[in-house]
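Take the sequences, apply the hints, and build the full model.
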Amino acid sequence: MTASQVSYTMESTLETVNEAEALAVRFAEESGFDESDVMQISLAVREAAINAVMHGNQRDPAKKMTLGFERMPGEMTITVRDQGAGLDVESLPDPLAPENLMKTSGRGIFLIRTMMDEVQFRILHPGNEIKMKKRVPGPATNSEETLK
Amino acid sequence: MSLKTTTRQVDGVTIVDCSGRITLGEGSVVLRELVRELLSKGDKNLLLNLGDVTYIDSSGIGELVSAFTTVKNQGGALKLLNLTKKVHDLLQITKLYTVFDVHDNEVAAIQSYK
Numbered sequence: 001m002t003a004s005q006v007s008y009t010m011e012s013t014l015e016t017v018n019e020a021e022a023l024a025v026r027f028a029e030e031s032g033f034d035e036s037d038v039m040q041i042s043l044a045v046r047e048a049a050i051n052a053v054m055h056g057n058q059r060d061p062a063k064k065m066t067l068g069f070e071r072m073p074g075e076m077t078i079t080v081r082d083q084g085a086g087l088d089v090e091s092l093p094d095p096l097a098p099e100n101l102m103k104t105s106g107r108g109i110f111l112i113r114t115m116m117d118e119v120q121f122r123i124l125h126p127g128n129e130i131k132m133k134k135r136v137p138g139p140a141t142n143s144e145e146t147l148k
Numbered sequence: 001m002s003l004k005t006t007t008r009q010v011d012g013v014t015i016v017d018c019s020g021r022i023t024l025g026e027g028s029v030v031l032r033e034l035v036r037e038l039l040s041k042g043d044k045n046l047l048l049n050l051g052d053v054t055y056i057d058s059s060g061i062g063e064l065v066s067a068f069t070t071v072k073n074q075g076g077a078l079k080l081l082n083l084t085k086k087v088h089d090l091l092q093i094t095k096l097y098t099v100f101d102v103h104d105n106e107v108a109a110i111q112s113y114k
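So the protein lines, in turn, are chains A and B. With my numbering, letter number 7 in the first sequence gets 7, and the count goes up by one each step, no holes. With my numbering, letter number 113 in the second sequence gets 113, and the count goes up by one each step, no holes.
Derived by calculation from the structure, the hints in this document are not laboratory data. Any given hint might turn out to be false.
To be verified - Some, not all, of what chain A presents toward chain B, calculated at C-beta under 8 angstroms: (1) Val-17; (2) Val-38; (3) Met-39; (4) Leu-43; (5) Ile-50; (6) Leu-92; (7) Pro-95; (8) Leu-96; (9) Thr-104; (10) Ser-105; (11) Arg-107; (12) Gly-108; (13) Leu-111.
Owing to the predicted nature of the structure, the values given are computational and were not obtained by experimental measurement. Heads up, the beta-carbon is just placed ideally off N, CA and C, and yes, glycines get one too.
Here it is in C-alpha cells:
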C-alpha cells in the first residue's frame with residue numbers, strides 16, 4: 001500500500017471493522033506517523049467503521065462501506081462512507097455531560113473528533129460520509145520525499 | 001488477538017488479569033459474560049487488571065462502564081488496576097478516570113476494599 005491514494009469497498013460485517021483498523025495502521029505507519037498518532041488514527045478509523053457498518057448499514061449484506069486513504073505532504077485524509085439513512089451528528093448527545101457520563105454507548109463520534117485534527121461529516125443521499133484529517137507533527141514540509 | 005482473562009482470589013477480592021483487546025465483538029462479550037458469571041457466584045469485589053490490555057475502543061469503554069454499574073448495583077465494587085497509557089488517556093478524555101477507582105499497586109488496591 002505505497003500508493004498515495006487508495007480506496008476499498010467492504011462488506012458490512014464486524015470483520016470489516018477489524019480490517020479497516022488494520023489498514024489504517026498500515027497506511028499511517030507508511031505515512032511516517034509516530035506510534036501515538038498511529039494509535040489515534042487507527043481508533044478513529046475503527047470508530048468510523050463501526051458507525052458505518054453497525055449504525056449506518058446495520059450489517060445489511062446489500063450495503064457496502066467504502067474506506068479511502070489519501071496521503072499528502074504533511075498530512076493524511078481518511079474517508080469512510082456508508083449507504084445507510086444518514087446521521088445528523090449535531091443532534092448527538094454530549095458524552096461528557098454529567099447525565100451521559102455513565103452511558104454505555106455514544107462515544108464513537110466524540111473519540112473520532114478527539115483523535116483527528118479535522119473531521120467533516122456529510123449526509124449523502126443515501127448514506128453518510130466522514131472525512132478525517134491528521135497532520136504529521138513537526139515543521140510543515142512540502143517535500144515530495146515525505147510521500148515515499 | 002481477542003481478550004483473554006485469568007481470575008484469582010486474593011483476600012476476598014477477585015482479580016481478573018486481562019490481556020488483549022476490549023473492543024466491539026468478542027472482547028466486549030468476554031468481559032460482559034465473565035462479570036455476569038462472577039456476580040452469579042457471589043464475587044462482588046472485582047479488580048480488573050488491565051496491564052496487558054493493548055487496545056480499547058468505544059465499545060470496550062462502554063463495557064467497562066456497564067460492568068462498573070452492574071457490580072455497583074449488586075452491592076459490590078469494580079476497580080481498575082495497572083492502566084496502560086492508552087487506556088489511561090482514553091479514560092481521561094472521556095472523563096471516566098475519576099469515576100473509576102484506579103490503582104497502580106495491587107496490594108494497595110486489595111486493601112482499598114476493606
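Hints versus structure:
no., hint, verdict
1, Val-17, "holds (6 angstroms)"
2, Val-38, "violated (11 angstroms)"
3, Met-39, "holds (6 angstroms)"
4, Leu-43, "holds (6 angstroms)"
5, Ile-50, "holds (6 angstroms)"
6, Leu-92, "violated (12 angstroms)"
7, Pro-95, "holds (7 angstroms)"
8, Leu-96, "holds (5 angstroms)"
9, Thr-104, "holds (4 angstroms)"
10, Ser-105, "holds (5 angstroms)"
11, Arg-107, "holds (4 angstroms)"
12, Gly-108, "holds (5 angstroms)"
13, Leu-111, "holds (6 angstroms)"
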